[in-house]
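Asks: Protein chains in written order, with our numbering: chain A, 375 to 584; chain B, 1340 to 1639.
Note that these hints are calculated values from the structure, not bench results.
From a predicted model like this one, the values you see are computed outputs, not experimental measurements.
Just so you know, not all the hints are guaranteed correct.
Covered stretches of chain B, going by a simulated chain A footprint (3 or more residues, C-beta under 8 Å) [as the list claims (entries may be wrong)]:
(1) 1409 to 1420
(2) 1429 to 1439
(3) 1526 to 1534
Computed, partial: chain B to chain A, Cβ under 8 Å [unchecked claim]:
(4) Leu1391
(5) Asp1443
(6) Leu1444
(7) Ser1445
Backbone N, C-alpha and C define an ideal beta-carbon position, used for all residues, glycine too.
Given next are the chains, with one letter for each unit.
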Amino acid sequence: MYALIKREIQDHIAYFVGAAIFSAVFIVISVSLTHSKGTEDPSIFAIGLGTPVATVVILGFCAMGANQMYTDKNRKISAFLSTLAVSRSRILLARIITGILAILTLLVPLAVTAVVLSHLSNPPIPMYPGMVLETFTISFLMAFACYCLGLLTGWNSSKITPTLGGIVLTCILVPLIFVKGFGVHIVVILVLFIIASLLRAWHTFMTTSL
Amino acid sequence: MNDNVIVVEDLVKYFDGRCVLDGINLKVPRGCIYGLLGRNGSGKTTIIRILLGLEPPTRGRTFLLDAASTELSAELHSRVGYVAEGHNLIQNYRVGRLIKLCKDLSLQWNDEFFNHLIETFRLPADRRVKELSIGMRAQLNLALAMAIDPELLIFDDPTLGLDTVARRQFLELAIELIQQQGRTILFCSHILGDVERIADKIGILAAGKLVVDCPLEELKERVKKLRVIFPESAPPNLYLTEIINQQIQGREMVITVANWNKQKQTVLETFKPSSCTEIPMSLEDIFIECTNPNPVLITG
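Turn these sequences into a full structure, and let the hints steer you where they fit.
Replies: Here it is as structure tokens:
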């Protein structure tokens, strides 16, 4: 399993580098916002920046899942791997773990920074207890849902389907989170979406010809 | 434990409504070198892909080393070496990286034998797989398949693209493997001379059916090509069953008959031919006769 995960990371290292850069940029912005002495409302700045960034993140992880599956199908990677001492379920599991690791590469440094900054100085926006954990959970679920959709749509010989799938999901998810806010409702919706996408991707991958 | 390493039962496969395999039954006993032959698109690769669990069957069941192909475990895969048609390796990897990946994913790896093969084939570790020639890719695929010391080897046209020297090297290697006890080989090839040299059982696919499934020597015994000369013009019908091919020219008739036996010989003699001589047939000749549009079943 380790060899499979290592292979997936090496093959999709660009997404990990991208996630790390995004994370670093966010950290720099957060630190500067915390220490800024300007008169502008930081929450407006956060929302203004957050919306396009969330869109990019959604599309990024969707693209990662789609790219993993699309590359696999077109280069017949799983067809080769599954003739070795590897089962299809392990290949897909390794792929999903890689996706989760990429998401954590983006979110964990941000969460740690948020916790540290909230303890060191007054946060620029009002914070309630458990806000960091809740934000982290929702962000993780949102990114993972996008990634799962990418996995689902990427097993396709056409490039149009994955691209359209990602755009449609972005159009649905971003307004949904803004309308519903962070809370149990959105967690339930995202978890259900993830389960459905994963089951479908799993079934497709396990039964299709490689 | 079953004595048959490969079992195919009533296998049917449709592609886009087109029947490629129509009720195939096949058994490959342990230690056998089975040569599976057929024209392009006859379904040889499809059978192999279904056996390896890469392709779902439309109907029927297939078993590899006593396990259903649809439920092959990683442990079981580690006992099967596969050289695919077209050598489907990961093209953008460097040779060294691909070797390391295969080694990491294998449950057993014979370093000594693998290194010997790599040295024999002179494969460059720093080049990308896609930059290798077809022959080198075939050699790399072969070396990777051999390195795991497989109990069952499946070769799908492994010598395709190899030059004469490399092909000879491959065959000698295969013969070396044959000498190792308990190893079974399923061998598909278009180069019938290769198959004839190493196979001890032959299967021929034609029109979606396995029209031949018997030992090579038995096949050569059972398919006869005869040149029969009659005193007058040759009769249009000899009333023989299982005629594969028949050509008449004046007094001469050249006839290919499956499952030749004494009964058929007696029937032929009732026509009082002036002479009847047997034309020796190579596997290639038999293959051409058996893959005609109306194939006759020859099973052992």
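Asks: Using the nearest Cβ pair, does Asp1443 of chain B come within less than 8 Å of chain A?
Replies: holds (4 Å)
Asks: Three residues minimum, CB to CB under 8 Å: does the region 1526 to 1534 of chain B make the cut for coverage by chain A? Let me know.
Replies: violated (count 0)
Asks: Count the residues of the region 1409 to 1420 of chain B whose Cβ falls closer than 8 Å to any Cβ of chain A, and tell me whether that reaches three.
Replies: holds (count 7)
Asks: With 8 Å as the cut and Cβ atoms as the points, is Leu1391 of chain B at the interface with chain A?
Replies: OK, holds: Leu1391 of chain B within 8 Å of chain A, min 6 Å.
Asks: With a cut-off of 8 Å on the beta carbons, see whether Ser1445 of chain B makes it to chain A.
Replies: Ser1445 of chain B check passes; min Cβ-Cβ to chain A is 6 Å, inside 8 Å.
Asks: Holds or violated: is the Cβ of Leu1444 of chain B closer than 8 Å to a Cβ in chain A?
Replies: With a closest approach of 5 Å, the Leu1444 of chain B hint holds.
Asks: Taking 8 Å as the Cβ threshold, is the statement that the region 1429 to 1439 of chain B is covered by chain A upheld or broken by the three-residue rule?
Replies: holds (count 3)
Checked against the numbered hints above, the structure breaks only hint 3 and satisfies the rest.
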